[in-house]
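Peer 1: Read off the chains here:
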Amino acid sequence: MGMTMVQKVLAMATDQASVNVGDVVEPRVDLAMSHENAALVINQFSEIYKNTGLEAKVWDPSKIVIIFDHRVPAESSKTATNQKKIRDFVGKQGIDKFHDIRGDEGGICHQILPENGYVRPGYVVVGTDSHTTSHGALGAFSFGIGATEMASVWALGRVLNVEVPDTIKVIVTGQFPKNVFPKDLILHLIGKLTAEGANFKVIEFHGSTIQKMTTSGRLVICNMTVEAGATSGVIPPDKEMLRYLKQDAHVKDKIRMFSPDPDAGYERVIEIDASKLEPMIAFPHTVDNVKSVKEAAGIKVQQIVVGSCTNGRLDDLEIAASFLKGKKVARGTRMLVFPASSRIYLEALKRGYVDTFMKAGAMVMNSGCGPCLGVHQGALGDGEKALATTNRNFKGRMGNPNAEVYLCSPAVAGASAVTGMITDPRTVASVSISIRTKSKKVVKKVAKPKRKPVAKSKLAAKKIKKGRK
Amino acid sequence: MESRFRGRALKLGPNISTEQILPARYSTLTKPEDLVPHVFEGIDPLFMSRMKKGDIIVAGANFGCGGSREIAAIAVKLSGLAAIVAESFSRIFYRNAMNIAFPLIEAAGVFPGIAEGAIIEVDLDKGLVRDITKMRNFHSVPYPDFMKTLMQVGGLEEYVRQRVKKTEL
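Here the protein sequences come in this chain order: A and B.
Heads up: the first sequence is residues 135 to 603, going by the numbering used here.
Heads up: the second sequence is residues -12 to 156, going by the numbering used here.
Keep in mind that a hint or two might mislead.
Each pair of labels, with its calculated beta carbon distance range [to be verified]:
id, chain 1, residue 1, chain 2, residue 2, range
1, B, T120, A, S426, 44 to 52 angstroms
2, B, L115, A, M135, 34 to 42 angstroms
3, B, L115, A, N536, 37 to 45 angstroms
4, A, S393, B, M35, 47 to 55 angstroms
5, B, L115, A, D382, 50 to 58 angstroms
A few chain A positions that, by computed beta-carbon distances, are all more than 12 angstroms from chain B [claimed, not checked]:
id, residue
6, R162
7, G228
8, K231
9, F232
10, F392
11, Y400
12, D407
13, K434
14, R477
15, M499
16, G515
17, T553
18, T561
19, A563
Please keep in mind that the hints were generated in silico from the structure rather than gathered at the bench.
Glycine residues also receive a C-beta, built at the ideal position from the N, C-alpha and C atoms.
Use the sequences and the hints to build the structure in full.
Peer 2: Structure below.
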């Protein structure tokens, strides 16, 4: 029998021709990511070397990435002291891939990794964060681990005791209807699988909808596979992956392309017709409590959050802002926007999205995890409800067990900000705000010859479309 | 670590997330005396006041879902709980607990079958959870070999310490 994506990656990482589901292997690690919880990893790492007479040196500093995102800027002296400890460690160990609290290169780990080209197809990526599943969007086998396990990776350069997982194949075909997005697709899938339906398994995505999806959208769906319990989500390397890595992440070296075998064995196959999907909402307090937005319409919300490692990318900001252009965030509702990285923040500034948000009354915060994990920057009051483009709605998630979190796409968040209640984006108007300076210039240039007005506008539309890709 | 022990069952529901086990705002704490009072605060603020050393959690499916924070498993271990018996565990929490040699036992039927306050016995070698009050047995999923080794040596830290020493020789 042939091999799935993850079998192929694990075979490469263990120098074997093939591996079978259930085999226990010790793959080499290509990238090991931690955020502020590196403080605990450092503790466990030093413990390993205690009384051994050996120097505590990481196996390969070039393969370690540390990013501050969970508590930026520090919300307490305790966090600041931990961050200081990590900075010292990074300096001593010679870890260059370090993203401190900065407005030029900082951001959320699951955006920093892709946008800097740290992840490549075929890599084994581990991270001390459950949403490390995201990086399957770039053809890696990427999964979350705990601090002690990361300390073990820092020491040995391998993950111990990895049982080759079974894979669920998800084939998505059909075009998304207007106002339906990858977030709705993954919420639908989690609702179908349940919160533990993919426990210890990998979800491999296929189909024409996935092939046409941008890397930004792929990161959304792989990010949230963990909410169905999956070890990881993964997408076979393709043209879009190459385009993203070369154009957006500026990767210069050769990229390894490979595919799962056509006769690979899957635990099951799930087919989804994207054209039949609707905007979805995950109701409190589990992510699999998914219903159509129609069933949530009218629920008043006091806080709206756009951002996170799930939906804080440029296209997400654009979608949310398109509902706010020239409008106001409803009184009694506060809206917080967290761009996923400084790079995205800067681009959103250039494109006028930040202007749109702020004039509408939204607060645009610094890049980071923000209130998603309930530590700072936007806790909820008792009895309050939040609507968020984030990935978890567990009890207490936004810092208060007596509050509720509803999850949605950026379109639902944008539409609801104006009304102050959960709103079906299909029932309200949005304004196209893709008025990038570049596109504007294109339109003007084309307009100059003034020959055939029909052809002119067609050409202009084409160019704008091209520019948006 | 003893492979057979008894304790009182304390029941929690299905889908207990790491946020409920230890809310994120406490995840920078390191001292046991700071951490322990907050164990399961996210689901029951009075949990620690009703819990006795040696008690065993009996829970539904998908215990430990959510964030990868190992501090949740560490806090549970420090609290004095003896073990967690559940219908199933989420992957990262399962590995985190095993890495610090805290016993998790997966056994079908325990959640509907065992009542709050029942005295239960866990036999890791035989793979059994026994409800002493009702005299009923539940078969647990056996540990994979690596997990057995981890439980024997006292966790991943010691296991890796031995491996690092070996490689250096």
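Peer 1: Hint by hint, say whether it matches the structure.
Peer 2: The hints, checked one at a time:
Between T120 of chain B and S426 of chain A the beta carbons are some 45 angstroms apart, a value that agrees with the proposed interval 44 to 52 angstroms. Our hint of 34 to 42 angstroms for L115 of chain B and M135 of chain A holds, since their Cβ atoms are close to 36 angstroms apart. The hint said 37 to 45 angstroms for the Cβ distance between L115 of chain B and N536 of chain A, and at roughly 40 angstroms that hint holds. Look at S393 of chain A against M35 of chain B: about 52 angstroms separates their beta carbons, and that is inside 47 to 55 angstroms.
The beta-carbon spacing between L115 of chain B and D382 of chain A, approximately 55 angstroms, falls within the hinted interval of 50 to 58 angstroms. For R162 of chain A, the non-interface assignment is confirmed: its Cβ lies about 15 angstroms from the closest Cβ of chain B, beyond the 12 angstroms cut-off. Listed as outside the interface, G228 of chain A is consistent with that label: its C-beta sits roughly 19 angstroms from the nearest C-beta of chain B, beyond the 12 angstroms cut-off. For K231 of chain A, the requirement that its beta carbon stay farther than 12 angstroms from each beta carbon of chain B is met, with the minimum near 20 angstroms.
Listed as outside the interface, F232 of chain A is consistent with that label: its C-beta sits roughly 20 angstroms from the nearest C-beta of chain B, beyond the 12 angstroms cut-off. A cut-off of 12 angstroms between C-beta atoms confirms that F392 of chain A is not in contact with chain B; the least separation is 25 angstroms. At roughly 19 angstroms from the closest C-beta of chain B, the C-beta of Y400 of chain A stays outside 12 angstroms, upholding its exclusion from the interface. The non-interface label for D407 of chain A is consistent with chain B: the shortest C-beta to C-beta separation is roughly 28 angstroms, beyond 12 angstroms.
With a minimum CB-CB distance of about 24 angstroms to chain B, K434 of chain A clears the 12 angstroms threshold, and the non-interface call stands. Distance check on R477 of chain A: its Cβ is at least 25 angstroms (rounded) from any Cβ of chain B, clearing the 12 angstroms threshold; non-interface status holds. Once the 12 angstroms rule is applied to beta carbons, M499 of chain A is consistent with being away from chain B; the minimum gap is 18 angstroms. Interface exclusion of G515 of chain A from chain B stands, the closest Cβ pair being 15 angstroms apart, more than 12 angstroms.
For T553 of chain A, the non-interface assignment is confirmed: its Cβ lies about 29 angstroms from the closest Cβ of chain B, beyond the 12 angstroms cut-off. With 12 angstroms as the threshold on Cβ separation, the claim that T561 of chain A sits away from chain B holds: the shortest Cβ distance comes to roughly 32 angstroms. Against chain B, the non-interface label of A563 of chain A holds: every CB pair exceeds 12 angstroms, the least being about 37 angstroms.
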